[in-house]
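Knowing the structure of chain Z, use the given hints to seat chains L and A on it.
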Amino acid sequence: MAGTAVRGRLRGLTWQVATVDEVVDETPRVRTIVLDVPDWPGHRAGQHLDVRLTAEDGYRAEREYSIASAPGEPVAITVERLEDGEVSPYLTEELRAGDGIELRGPIGGYFVWDGEDRMPLLLAAGGSGVVPLRAMVRHRQRTGSEAPVRLLYSSRTLDDVIYRGELEEASDGVEVVHTLTREQPPGWGGYARRVDAELLADVAWPADDGALAFVCGPTSFVEAVAEGLVDLGYPPARVKTERFGATGR
Amino acid sequence: MSFVSRGFKGRRRDPEDPGRVPPGQYVTPDFPVLSAGPTPHTPLEEWTFAVVDGDERTTWTWEEFLELPSETVTVDIHCVTRWSKLDTTWEGVSVDTLLEEAGADSPYVLAFCDGGYTTNLPTEDVTGGKAWVAFGYDREPLDPEHGGPARLLVPHLYFWKSAKWVRGLALREEDEPGFWETYGYHLYGDPWREQRYAGD
Amino acid sequence: MEPIDGNAIGGLLWEVFGAELTTATGTCAGCGATAQVAELVVYLEAPGTVVRCRSCDNTLMVVVDVRGTKCVDLLGLAALD
Chain Z
126 MAGTAVRGRL RGLTWQVATV DEVVDETPRV RTIVLDVPDW PGHRAGQHLD
176 VRLTAEDGYR AEREYSIASA PGEPVAITVE RLEDGEVSPY LTEELRAGDG
226 IELRGPIGGY FVWDGEDRMP LLLAAGGSGV VPLRAMVRHR QRTGSEAPVR
276 LLYSSRTLDD VIYRGELEEA SDGVEVVHTL TREQPPGWGG YARRVDAELL
326 ADVAWPADDG ALAFVCGPTS FVEAVAEGLV DLGYPPARVK TERFGATGR
Chain L
4 MSFVSRGFKG RRRDPEDPGR VPPGQYVTPD FPVLSAGPTP HTPLEEWTFA
54 VVDGDERTTW TWEEFLELPS ETVTVDIHCV TRWSKLDTTW EGVSVDTLLE
104 EAGADSPYVL AFCDGGYTTN LPTEDVTGGK AWVAFGYDRE PLDPEHGGPA
154 RLLVPHLYFW KSAKWVRGLA LREEDEPGFW ETYGYHLYGD PWREQRYAGD
Chain A
3 MEPIDGNAIG GLLWEVFGAE LTTATGTCAG CGATAQVAEL VVYLEAPGTV
53 VRCRSCDNTL MVVVDVRGTK CVDLLGLAAL D
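Protein chains in written order, with our numbering: chain Z, 126 to 374; chain L, 4 to 203; chain A, 3 to 83.
The following block holds chain Z by itself, in its conformation from the complex (with noise of 0.2 Å):
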């Protein structure tokens, strides 16, 4: 393992271009861009990739977004359309099958399951921030996996859900428990409300499980819900974060 490390550490990380194979719209303002990526050294489950774009005066705007593809899978990323985004809006709604994309990676090695681990995994998602989790949820059923999983998953709306239909169809020992926070459907019996201690000590695993966590999406609900699971006895380094930035980008 030290030494997978170790070689990790000294790849290099060179921009390159990789072409887009297809794009996937997934919720009104989300779409997943399955990449077809040249030089792609493989990738673990909840890394990302930075992506570059440059107009034609030479200006450039860079960002990162997590893979949402399983290691083994065509590489792919989903993004959200941001209100007053620069980059997002043209990820979303120009860029398209065929069209060069500079991009680097994977990087990451904090947040990032490879599927070892047998203890129960509990995945806490903030709207996009589903997205490396969905990743590690593909790697555990491509492996096959006996570690159960519990996805909380927090949406505004249930047209918010992405990968709603993949993860209606979840297999054994995955279970995905949703929270609409703004809007829900007539006869919605599920959560309705944010993230609060009462709906995680509901959810979460009990501490005595060992149980690893994985939480990712906007700052202010991975602190809640970090500090949550702490508060349930969870020990800190069992409780992984990825904060997202919140405002448009």
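Be a bit skeptical, because a hint or two may be false.
[As the list claims (entries may be wrong)] A few chain Z residues facing chain A, derived, Cβ under 8 Å:
hint	residue
1	233
2	344
3	345
4	368
Derived from the structure by calculation, the hints contain no laboratory data.
Even for Gly, the Cβ is constructed at its ideal location relative to N, Cα and C.
Quick look at chains L and A alone, frame taken from chain Z:
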């Protein structure tokens, strides 16, 4: 020739009015909040503004500060991260007033702030009606995330010079680089000459 | 704009230091707190990137991109292993 992203323009879509908007900037109706650290919350009872000249300090408490003559100004502001916001209205005390009361006479000043931020300016760029310590924005008390209770306002230079949470001006004989200037930003920062980085 | 965390600067730090550093442990020169880089507080929207200690808010690192060249200051880090 490096790779160009087909159809990517960034925020700039139509060219802005060059008479009004400095080169490389785009106009935004928003007021972006850019921070290098957590928002300070100094209680007003503890807040002071000081003009520091070596060992001498001329200070005002919040009440004393609000008793100084103030004015309302409408100005355009230009951030080095490329956004410009036009016709922003502020209420503040002219830096002329503060430096006169302190009897200050030095070629440069270093603004210092809660949280440790600093920025340097030539004294002549904060006098002659060019700068204020502003406590009001858009006819409301200045919001903490925008620098309240008071920030420096120097609209003719890039907005990083308009230091948030300002607590005073230290008089200087030399143009001593402040926080961003130390890391490569331009010592002066004139948006009309696009002086973003040292050497521009 | 809420701060994010060190996960977001993985690529930047790799570019500057030539290695994946999100799991490296930083020691704050101000209060001695240790944390993995991924867990540090990151302010990304200012004219530069500022990395702070989660315990005491001390500035640990500042990175500024000056016309394509990264200028880094590790003033606040007692150690980075």
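A quick look at each hint next to the structure:
1. With a least beta-carbon distance of about 5 Å to chain A, the hint placing residue 233 of chain Z at the interface is held under the 8 Å criterion.
2. For residue 344 of chain Z, the suggested interface contact is upheld, since its CB lies about 4 Å from the closest CB of chain A, less than 8 Å.
3. Taken as an interface hint, residue 345 of chain Z checks out: its beta carbon lies about 6 Å from the nearest beta carbon of chain A, inside 8 Å.
4. Because the smallest distance between the Cβ of residue 368 of chain Z and any Cβ of chain A comes to about 4 Å, under 8 Å, the interface hint for this residue holds.
Checked against the numbered hints above, the structure breaks none of them.
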